[in-house]
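Protein chains: 4
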Amino acid sequence: MMIVMKAGATQEQVDAVVRRVESVGARAHLSRGEEVTVIGALGDREHVARLGLEGHPGVDHVVPILKPYKLASSQLRHGERTVLDIGGRRIGGDAFALIAGPCTVETRDQTVATARSVRDAGASFFRGGAYKPRTSPYSFQGLGQEGLRLLAEAKAETGLPVVTELMDPRDLESVLEVADVIQVGARNMQNYTLLSEIGRSGCPALIKRGFSSTLEELLMAAEYVLKEGNESVLLCERGIRTFETAYRYTLDLMAVPVLKQLTHLPVIVDPSHAAGRRDLVTPLSLAAAAAGADGIIVEVHPQPDEAICDGPQALATDDFAAYADQVHRAAELAGKELSRV
Amino acid sequence: MMIVMKAGATQEQVDAVVRRVESVGARAHLSRGEEVTVIGALGDREHVARLGLEGHPGVDHVVPILKPYKLASSQLRHGERTVLDIGGRRIGGDAFALIAGPCTVETRDQTVATARSVRDAGASFFRGGAYKPRTSPYSFQGLGQEGLRLLAEAKAETGLPVVTELMDPRDLESVLEVADVIQVGARNMQNYTLLSEIGRSGCPALIKRGFSSTLEELLMAAEYVLKEGNESVLLCERGIRTFETAYRYTLDLMAVPVLKQLTHLPVIVDPSHAAGRRDLVTPLSLAAAAAGADGIIVEVHPQPDEAICDGPQALATDDFAAYADQVHRAAELAGKELSRV
Amino acid sequence: MMIVMKAGATQEQVDAVVRRVESVGARAHLSRGEEVTVIGALGDREHVARLGLEGHPGVDHVVPILKPYKLASSQLRHGERTVLDIGGRRIGGDAFALIAGPCTVETRDQTVATARSVRDAGASFFRGGAYKPRTSPYSFQGLGQEGLRLLAEAKAETGLPVVTELMDPRDLESVLEVADVIQVGARNMQNYTLLSEIGRSGCPALIKRGFSSTLEELLMAAEYVLKEGNESVLLCERGIRTFETAYRYTLDLMAVPVLKQLTHLPVIVDPSHAAGRRDLVTPLSLAAAAAGADGIIVEVHPQPDEAICDGPQALATDDFAAYADQVHRAAELAGKELSRV
Amino acid sequence: MMIVMKAGATQEQVDAVVRRVESVGARAHLSRGEEVTVIGALGDREHVARLGLEGHPGVDHVVPILKPYKLASSQLRHGERTVLDIGGRRIGGDAFALIAGPCTVETRDQTVATARSVRDAGASFFRGGAYKPRTSPYSFQGLGQEGLRLLAEAKAETGLPVVTELMDPRDLESVLEVADVIQVGARNMQNYTLLSEIGRSGCPALIKRGFSSTLEELLMAAEYVLKEGNESVLLCERGIRTFETAYRYTLDLMAVPVLKQLTHLPVIVDPSHAAGRRDLVTPLSLAAAAAGADGIIVEVHPQPDEAICDGPQALATDDFAAYADQVHRAAELAGKELSRV
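Going line by line, the protein sequences match chains A, B, C and D. All letters in the first sequence, in the order written, are residues 145 to 485 by our numbering. All letters in the second sequence, in the order written, are residues 145 to 485 by our numbering. All letters in the third sequence, in the order written, are residues 145 to 485 by our numbering. All letters in the fourth sequence, in the order written, are residues 145 to 485 by our numbering.
Okay, chain A solo, but in the shape it has when bound (with noise of 0.2 angstroms):
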């Protein structure tokens, strides 16, 4: 951490500064310029935390230099990447994996048959909500228990993975039951309760990032997973909010390359939730890809139009192949390969 002093900051304020950082355990460095004198605090990241120096006397502002994260940091493997194996299914690495499926679980018929449908077209997981969470508190809240049950029998038709959100703890044990990868929603990006105990269950996480969450914050967020000794944890770049009022969100395909830079776990993109739209849900796919993304989650229905939720922005079951097979090519530009069984 380097704290700049104000320009007029006297020598005591210095010494005052100086001594506040020796007394957590940390070492201070003194750099004096023309204009003002900065002060390193070297040490412990944790020491380093507690100094809280910003609105002492004489102190103009504080410079973090170490990253907040450790786990997520790509320091963590020396650059090596996780590579995660779900369900004999690789995510990660040269690994690009596409996981498709509806919105909401709505009826045994558009469950099944929509994990058909994605398992023969390419799709590594099969994702479906059983909760959902929603703006309004009028709107359809997920079928629950019983959503959880098809989705267990999706998963045994098809074979396929299955990826679905929690939002309550205290529904954790019945999701650990048909869940291999639970999914924390933008929303409850900073539920750090949420987070704490599925790091404890040891599941697989998919945390979204927040839609207005700084990509360091995601990172935080990854790192209560990690920290309960849970290693299997996938972000999710999903649209971030911005002045602009032409789409939904801003698909923000910076935070994929440079997520990578940051940090070994794996990083997906989510084009539906951004775009709103069908319509974009293709170009912003290849564009994901393209970048680099490590994989897809794809909303698709067999009859969007009569969808529950969110129909206007999913794929159509006949169109899926189709899709799965452009994607895959951009997926191959960036060096990955789709990751089948």
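There is no bait here: all hints are sound.
All copies of an identical chain are treated as equivalent in the list; a pair is satisfied when it fits inside any one copy or across any two copies.
Heads up, simulated DSBU-like pairs for lysine-lysine below, C-alpha to C-alpha not over 35 angstroms straight-line:
id : residue 1 : residue 2
1  : Lys-214   : Lys-371
2  : Lys-371   : Lys-150
3  : Lys-150   : Lys-214
4  : Lys-150   : Lys-211
5  : Lys-480   : Lys-150
6  : Lys-480   : Lys-214
7  : Lys-371   : Lys-480
8  : Lys-211   : Lys-371
Since the hints were derived computationally from the structure, they do not count as laboratory data.
Got chain A; can you put chains B, C and D on it based on the hints?
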């Protein structure tokens, strides 16, 4: 809801939309302009909400007309404002309330001393955190149960009603033993599980606006509480995330007059978290009160430099009486009275 | 335009709005719902634009229906795309163009060497700045007239058409002597004086999206040029300003497919300025091409570490051929061909 | 400037950075922490600015330490504030100024009547636009020269100094004939050509913050004027662009106290353009004055419903005296006096 058709939409496409509108029990109303046709879908809000016509053939875009919230809407009370009476302190209407206390409950002395100081200086409520949502899993997470016990002591000692945060629905019962108002933090504003539970508890809720949530989303969060029959909801602006890096968050004071048009619920402001710096707390508090806020929630600490958490933004107890007096005068300018027992 | 009345609007207020609509020569069309009345104002765009009914008694809000741009609209050409032919290089439709060169023209050697390298590697246009808009008045502001002369030499030497920026309308004549395309920088996107002058000059314009401009504002900037009878306009996405601090700007690749729906004009992407870092330029370029961009404008320098301006984001001329080849393959994936003579 | 090296940076890379720092005439100062090495580059601001070490081998990132502005900096005057005296009206320090008038000059009657009203109610300056930057080329662009003539009449009639906008450097001479203060609009805040010309003219400049410009960029815009020897600069916050769609712009009142720490220049607020709605103008004006603004620039019109431009946000002249009185009291709360002759 208005459905705007594309310029080249065919008669068949228009007819199909009309049939879809009528199929959910709404009435369709056509306006044909020179360039485009607009179809109004009139009827019950919940029927119309189920339409999902974005992406339908021939549809350009869909414009919602009715607000998605009902119980939070100012129309519900025909312009009359909600005035809450909590432990004898009024907030809302012409009653202005100061809610003050430390970010985190640390020790018995710190807690009780702060409570006494703020009560003597004219605060109406005491605030203090026992459970703290922290970006880093390595940061202090609050004293938990022990913190709740200290809050109970401060309340017994001063008679001030207590505002404290709930993060995990499994802690609801123990929080209810001491809290007069349960705070929902910005990061949990869309934790719908938590909101519904607080709604069912009947305890007054103070909901902080998520740092990237629209006013509409804040009102929908309130709707989750109100829908359970709990009419005691306070809304709190605490700074939003923007492109500006000169401050931690950008305090959005336009939210104050605009929320007061949209809803009958009281609207308060948290200047401490937006600023993150003590020297901005007073000008922002005066501005908030002059803009018509119904109250201010502010952090105070006996020795801010020693605070475990967020010390740089806390006012010193010694300065609090002068601060409260200035804020009071700004609130009077906006036609308010300070709420005292 | 739709005028949504307040829930409690009186018949008199509705009548007054109807009279106002009719007074500007538009037709009023009433839809009465259970809760609110909506008045459609149908008629000529310019009549309706003059209404200004926000804030009128009884009016809740006003919803525009027609896009405010006409000449830039994809409707104008009934879906046919504009393909520009500039100095024998095509851009738009299925023609993909690489525009490459240094941020700033520095010396004869640097300019001509870079132009030769990028031509040999398959670039279609040469870019280089003689006038540089710099945030700081203390930074290098470009070589001006001398820079234009060097660009003319590079053009004579390589045959590549030249793209260069204009900042001051008083420099138009000298810029026209060398420029095949005049660039309008992001900071000048709403400099309407400049846009109109370039429109009148008839020279093709490359308009960079302002870093906080909506797509609609970008299209309105294009409209200023088109309105003067100049049909040769290229739009350029170059990164927008968001809350994320991990990169300089956030490249908005959703703008590519969405602009291509809204307008017939070619859409290109500048990955260099968004990233500000060389290592992000390739993944972002591949993503842009895969998303369907009509071209890429990229910075290249013989010795990036010695560049006067923006060296850290420039590709080295030595690496450019491999880069161009990869981008070409991504553009093919989206159905494009590289534009060459 | 601090150069933070990557965790794995080699001794050769560190040495190369040190050599680079020394090559521009700055001193290098090493701090070796347990995880990373930080190199301070100490010396003249302009030397250091030329370093461009981002992307250099082994460099993780670069942290600027000194502010990039000098003449605008509060350090320049050691904390003393600039108080401008323009036509006998003071602004800055403890002098608070109301600048009022119509968005656009329309007719002689409207102009002179408004000027008289606002003068009688206590305004210190008269504002009015002759050149209007409009998003649409189809909108009214102002009366131009004729508008300037009407402003001159209003000034002759009332004695109020005039504030009016300049868009094109070629109009500078005619604007100087009537303007006491030249306004630079938000869209032109980074039109460096315009800023330099105004600087050279010596006429006081009122610079509006770009709707997505940081405070640092606003101060750099001021620096362009100050650098030409023109010390009369007013800064104006007028709302920034955020994700919130409930209002046109989000008025950023934190800018007021923060700018007053960063710069010695007066800081004023424009509540009219941020809100776009008359009913928000009063609460926002009171908030701005209570936050410590040095003045307010507000739109006033004799018949707002008939205004050619921005009528919905204009106060009526009839209501202006009551408004001015309230604002005055809020400014007093912040220790100011209304500036009158």
